[in-house]
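Visitor: Counting from 1, position 67 in the sequence shown corresponds to residue 66 in numbering that gives the first Met the number 0; the numbering is continuous, with no gaps.
A portion of the hints provided could be inaccurate.
[Claimed, not checked] Under the rule of at most 30 Å between Cα atoms (straight-line distance), these lysine-lysine pairs were calculated in the DSS-like manner:
(1) LYS169 <-> LYS188
(2) LYS282 <-> LYS192
(3) LYS282 <-> LYS314
These are calculated hints, taken from the structure and not from any lab test.
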Amino acid sequence: MGKASIPFFKKADLDASIGVFFDGFSKVIVAIAILAGTFGLDGGTIFGTMMPGVFLTVVILNGGLWLYYRKIAADRGDSDLTAIPAGLQAGRMFIWLYSIMLPVFLSTGNADLAFKTGVLAHLVGGIIFIIGAFVVPVILRIVPAGALFGSLAGGAMAFLIMQSMNGVLKMPLVGWLSLMVLFVIYLGKVEVKLPAALIAIVIGSAVAWVSGVMGFGAVTESLGNLNFYIPHPVLDIFNPQVVGSMIPFLPIIIVFSLNEVITGIQAVEQARECGDTFFTTTKPLVLCGLASIVGACFGNPLAVGLYWGYPGWKKMESGTGYHLGIVALYALVGLTGLSAIINAFIPEAVVLPILVFVGISSYSQAFEVVDKKYFPAVIMASLPVVMDFIVDNMREGALPGFTAFDPGSAFVGLLVGCVFVFIIDNNWKNASITNAAALALTGIGMIHSPGILGTETYAPDMGFIQVYVVLIIVFAIMHFIGFNKKKTA
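Kindly produce the complete structure, drawing on both the sequences and the hints.
Guide: Shown next, in the form of structure tokens:
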């Protein structure tokens, strides 16, 4: 193939930029809350040291991947090539916070020492990650595709779909409505001039503010964090006290870093199974490790790696430019203190539907790329990750959003399945009728309520009552105006 003109950025890249950015940034918000609330770490360290360090990590990771995949696209003459996503990882991020930094803080009461121990753990993890990039692929060559993609499906179900759905369901009027908007556009194949993710975020955020879910108190408080911050080296992480504090956690660092190498390899494997067999693993993984090492030297304890979800971004027709978009977005939040302000304006439930879509695409792919006879192996291989996720969240109240689907889960499953079938078919009339049935079942307490009508435990979820009313009306209007009917003609 000859050289091709590769666009720096296209419309579909905005969807991917927003999706990948909020995938990582939603975790950053949680990390900030833990560091400030649980550890009592000062704002100067969080916004003046850590966040600029996070930005520098992203510059090396996503900026490097932008150049890397852009070169591949140019060499292949493929202006539509979709780059593999990457960013801040939930797995090591929360392991570092809860299994390394928190024990140090609880045993010493020293938030600064706990923070620096996490930063050094990130640096060491980056070194292990680079070593693993060369060693782990050799081991995985003997693993069958059914096992590999079954494990991948489990990860997609647990961390992209289930974890994200928990946040969606905690604010059903906001989250579920945003999910419907996103899926009507994507699954219903609706042509829109603006990115679908942006439309879902704007509509969901507007609903959140109009309904009173969001308020200006948090926005006013967040303005105190505005400033301009420059990345600066944090060489104190190499002092004997920090090194001695980190050494006992080396087994955790090694095991989980190598585990994330496997995750990265699976991310590349997703692209190969989509037909993009020319992608390689070593260089992107080495870049992830290098980004971690440099970022840690500038005060970032939050690990990075390659993401699952390539089928979703490819389906959105994203290109290579979205990595550049991610760098720009992190520049805004990493160098200015906008992190808290964004969190105050946009509820997390609005952006999580994007990850649900990516997770569903990834989960579906596991059954598309292997022979039907291996489906049982795929299912069994997916269970350990899902079960691990469940066990990690078994304590009461760990996943509060899930309680919304607990009462009458069988009915809820049927209703949700029907709605999405009708969305795919552009059958808005039946989608409206299905939501009317859901409203009726909620009203009598068969779903979204711990007890049925007339009992002491009758307490229907008002959020779902509201969202079903909205969807009945919206889908009915879409039916009467013949919305998007050209697609099904």
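Visitor: Evaluate each hint against the coordinates.
Guide: Hints versus structure:
For the proposed pair LYS169 and LYS188, the alpha carbon gap of about 28 Å is at most 30 Å, so the pair holds. Straight-line distance between C-alpha atoms of LYS282 and LYS192 comes to about 36 Å, which puts the hinted pair past the 30 Å bound. Taking the CA atoms of LYS282 and LYS314, the gap is near 24 Å; set against the 30 Å cutoff, the hint holds.
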